[in-house]
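*Asks:* Now for the letters of each chain:
Number of protein chains: 6
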Amino acid sequence: MRILVVNVNTTQSITDAIGKQAAGAASPGTEIVALTPAFGAESVEGNYESYLAAIAVMETVRAHPEPFDAVIQAGYGEHGREGLQELLDVPVVDITEAAASTAQFLGRRYSVVTTLDRTVPLIEERLQVAGLGARCASVRASGLAVLELERDEQAAVDAITEQAARAVEEDRAEVICLGCGGMAGLAERVAERTGAPVVDGIAAAVTIAESLVRLGLSTSKVRTYARPRPKQIVNWPPKAG
Amino acid sequence: MRILVVNVNTTQSITDAIGKQAAGAASPGTEIVALTPAFGAESVEGNYESYLAAIAVMETVRAHPEPFDAVIQAGYGEHGREGLQELLDVPVVDITEAAASTAQFLGRRYSVVTTLDRTVPLIEERLQVAGLGARCASVRASGLAVLELERDEQAAVDAITEQAARAVEEDRAEVICLGCGGMAGLAERVAERTGAPVVDGIAAAVTIAESLVRLGLSTSKVRTYARPRPKQIVNWPPKAG
Amino acid sequence: MRILVVNVNTTQSITDAIGKQAAGAASPGTEIVALTPAFGAESVEGNYESYLAAIAVMETVRAHPEPFDAVIQAGYGEHGREGLQELLDVPVVDITEAAASTAQFLGRRYSVVTTLDRTVPLIEERLQVAGLGARCASVRASGLAVLELERDEQAAVDAITEQAARAVEEDRAEVICLGCGGMAGLAERVAERTGAPVVDGIAAAVTIAESLVRLGLSTSKVRTYARPRPKQIVNWPPKAG
Amino acid sequence: MRILVVNVNTTQSITDAIGKQAAGAASPGTEIVALTPAFGAESVEGNYESYLAAIAVMETVRAHPEPFDAVIQAGYGEHGREGLQELLDVPVVDITEAAASTAQFLGRRYSVVTTLDRTVPLIEERLQVAGLGARCASVRASGLAVLELERDEQAAVDAITEQAARAVEEDRAEVICLGCGGMAGLAERVAERTGAPVVDGIAAAVTIAESLVRLGLSTSKVRTYARPRPKQIVNWPPKAG
Amino acid sequence: MRILVVNVNTTQSITDAIGKQAAGAASPGTEIVALTPAFGAESVEGNYESYLAAIAVMETVRAHPEPFDAVIQAGYGEHGREGLQELLDVPVVDITEAAASTAQFLGRRYSVVTTLDRTVPLIEERLQVAGLGARCASVRASGLAVLELERDEQAAVDAITEQAARAVEEDRAEVICLGCGGMAGLAERVAERTGAPVVDGIAAAVTIAESLVRLGLSTSKVRTYARPRPKQIVNWPPKAG
Amino acid sequence: MRILVVNVNTTQSITDAIGKQAAGAASPGTEIVALTPAFGAESVEGNYESYLAAIAVMETVRAHPEPFDAVIQAGYGEHGREGLQELLDVPVVDITEAAASTAQFLGRRYSVVTTLDRTVPLIEERLQVAGLGARCASVRASGLAVLELERDEQAAVDAITEQAARAVEEDRAEVICLGCGGMAGLAERVAERTGAPVVDGIAAAVTIAESLVRLGLSTSKVRTYARPRPKQIVNWPPKAG
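Residue numbers (our numbering), protein chains in the order written: chain U, 1 to 241; chain H, 1 to 241; chain A, 1 to 241; chain G, 1 to 241; chain L, 1 to 241; chain Z, 1 to 241.
The shape of chain U in the complex, shown without the other chains (with noise of 0.2 Å):
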């Protein structure tokens, strides 16, 4: 079984990092492909950024040249994994919703510990289009930029602890969810001291993809993802260059 796992980013380290992640995860058997979307923001923290990224991974997924049997879009909280269902025939599966779906099996109530304070509230949107916000105790950003978490390990390890804490302490959170691609590898550390389980999203999305896989079960296509209608579209994709 091969998966494709798409960073949302431009930056290959992450990139790397994930595919990395992923394979940690995967079965005997499953190859992971990870892939760099060809346009975009090095790291993606807002809206724009992030409408952006849904249609460099769609376009990136589309131009893969070889045959795959799952996709996982790789970025907390972002936009697009809709189009990528409609386009495919294969399962779909964003991290942010692995995460929250694997959560819920956990324990009562999660919380998603991710950057910046400004990415919250598109997680906080993408759970309740997702129908999966009526168990998420809270979204904490603890404040690093998605390549800071790169640059600095213990900083980033201190800061997503301390919110981890207060999310089990004082939202009730009793799971805590790593909100960023870039945060793969902090969970034991972040388990260690809150005591609650601790779901990367990475990791969740493999085994999730594999099952659908494994189950022969894909993407509905009765009618909200039902593949696109022949039309002309103008202008796109750009040329390569």
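These are calculated hints, taken from the structure and not from any lab test.
Since the list can't tell identical chains apart, any single copy or any two copies may satisfy a pair.
Within a straight-line C-alpha distance of at most 20 Å, the following computed DMTMM-like cross-link-like pairs (lysine to aspartate or glutamate) qualify: (1) Lys231 / Glu150; (2) Lys239 / Glu59; (3) Lys221 / Glu188; (4) Lys231 / Asp152; (5) Lys20 / Asp69; (6) Lys221 / Glu124; (7) Lys20 / Glu150; (8) Lys221 / Asp117; (9) Lys20 / Glu188.
We have chain U; now place chains H, A, G, L and Z onto it with these hints.
*Replies:* For chains H, A, G, L and Z alone, kept in the frame of chain U given last:
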């Protein structure tokens, strides 16, 4: 005052109709500039096309060489308004939200009549995210595609009026919103047949944009719609071609 | 176009302030007529007074000898808008709803800052009934009574600004609505201190009423707001005097 | 114990029927005093009439010369209960809420069968504000006006029973609330035809009022229903005459 | 009239206290029979114990040799009321729901003060399922276990009063529900300290059960609570031992 | 890895079918152990039987002599999962929640097709408590009892397929969940007839349990599902025999 009204489709005749509709609702002294996006689908009827339109509208507005006082996104149920709000300092009005907000001043519950069944979920989700769903009685599809509306006006009137009448009788709507930019001009006939007020989203959006400008109000930059952070955007925007 | 702006209090100086505020927001050619109800409390701060104001406003409007094109009910969180909509064929706009609707075009969440703690529930319930509560971050009380606002403007500015700032920081509001007719004029100072757009309900209501009139739209008579059935009303209205 | 049961209509025969219904449900030792408001509509079927009744009921109760232990507002879906709670130190029970609260002890979902279609929204909104809407399966109109119920009892039984039966079968109600003061006495026949328990709001309210008095409980004065502040009320109440 | 009041714990002294509390609230002519379940935990403080209590209460009631007119399940936040409703033809009242229903007649929002933090989710979920959560301001834990309440009454009063006061001030509750059968008797002292009405669930349940019996109303057998279908039950109930 | 799959009925042939269904979905290296509860109803179709099953499943799992890595509760809409989560340190997966969670990755809305009308409320309430109700289009009953499904497979296929088709067309479901352990094996035929993906809860639960084990995640012990406190349990568990 100059207001940009941006079509989400790349079909120029729809842009023309939208521009005319907007101009008809504008106050004296308001200049309406109707724009066609530089890339995208000839008609937007689904998630992929809607995401593509979202980013196309943003780039088209960003590339506009003249100053302007407000922007109207003239697509019903489309993505992207949040991104425009980040990029711009002037007010941004989405016609889906403009129509619903206006309808709520006219009756207790409103329904939206749109084009194809597959666009119903997009409109429902946009209303949900906008917090405007509580008084939405239903979103109903006429079964006609965007371009069919243009081609056979009598069929459009018939199909839309039938759904509007059922919304009033079966779903207990008291106001009808015409859920497609291309439906401009049908309002009067639907109102006659149903006895309910009919809101055209473009006209509603023009009055709201004008009002915000006159009141000196614009998008809050406090958190969600703060300006994007300075960062590297790779391979974007595409070269004109 | 002539718009009636009806105070809910029987204090003439508040009517004057409301009228001035409305006139400042009106377009050229719009005549603002500010009315004081014929009976009721000098200031409305609770359910009994609010219900009394509801019926006083209705009778005052019904007794108005001149024709008019729209009515604004200028009380924050007060009852009665639904009754006016039944009685009249012209649009009716409540300032609580006008402010919230306008705020929703400006930011993701809004807060209302009002007078006394006991009026908070009234505002919350009116927003809930109007379907405008989903994006309300909080309703906060300044602790000042309506008539105190008039008497000591500096204290009013201070108390209101403090609550507005806490709404932005603690409740994650991005827009502030001034929740009292008597707060007209403070908007600018609150905006300066919080960095968030501040919506004055009276100004917002004027632009909405004007817009509805210009669009040729008025209250649906299909069900909820149909004209009252002809029937005997006993001992009402009270004799003047 | 003395309980005031206040009609919302000014039709004396309805007051008599309500009083009789209440007395039938009262415990030995409870005195029922049925009151007709001093002003207002002969029957309440809409927002204007309901707001007028709200204030008429309050004034009627305030003017009552004898002491009493509780008040029942005997109008279905009417405004005003909150004002009575402010004015009085004894418990106040609204029959809409009494019926719904009682129904919730009897089955998973309940429906209300009321008079005219235009009163449906009033009942829905009162249940929503009272936090009693989550288990409401539907509010259905029999199509008969309040005074018609009085005039042709067989037609009333037939129309109400038909809607009650549809509520059980189509809306999955398990309990029926009779949604009009004037429907007192029909409960048995509706129960026979539908097999579901039928709650009469007046009888339910009597038992709840008695219970609150016996438990020594009354309206909280902590915030929302605190006594009105002392202030000048202009031209009110109207002179008798 | 005979009402069974069933403890959920197997501690006899709690049954005695519950019985006394119920008898104090009962009308003349009502006989209270307090029962201790035949098996289960000495105190119920979590899901396993609550599920065990649910079935123990059902078997205890089924095995009761005398006729009775109503049943009260005297556990706060416990499972099982739905099963009793299926098995019996007489009304069943759960004290969690009785307290909340009663509180809603007394103020706009209520809070529950319970024992341990781990029982908070159970109460929240029971209120949610019962459709009584919309006006619940908070469920707060005193930190004292059920049996500790019995042992040190002064500590119980102090801990509970502190949480009740915080519920009123911080959570905007206007009524307090005592969320544990074993708290019977503390109501007066909590009311004194907070100024808010305090509802004891057992007393409230007694008046509701009496009211339902007097009104001739019992559980709907239309669907959810229809009698169990005849079928083979294996190895159950357990032999007395 | 060893997974216990626990039937809620005491009918061995259903246990066998469930075990076979689970084994078919398991990865190589996963051992499925299907258990029949030691007491309870031959088929569970209502609240009393469901509560009895809840405690029977818990005792059966507690008495299991071998170690295991995860537990699946194989009853649709049944109580008890929370108790298992308290008692165990390994992950617990309920098939109702597993099916809904999986369905949400496949389409925008899902419906459940179950057995008898009386089980519909149980499923609805379990989905509500699990926070999985927002995208549930409907829960529909085929009208066939659990044991009838076993006896006449063709009738089962016909009845279930008809409800599934109506769910897709009338309720706008895009995915179907088979809402009964005994329906295992019908998925393919329902999918063929409706064109929608069909989720079997047992298969879905197996993949989720495997995933949680592989990710090293288990139930949070932070609050709700903490181990029961040590205390005296009277007369329980029942003596074998």
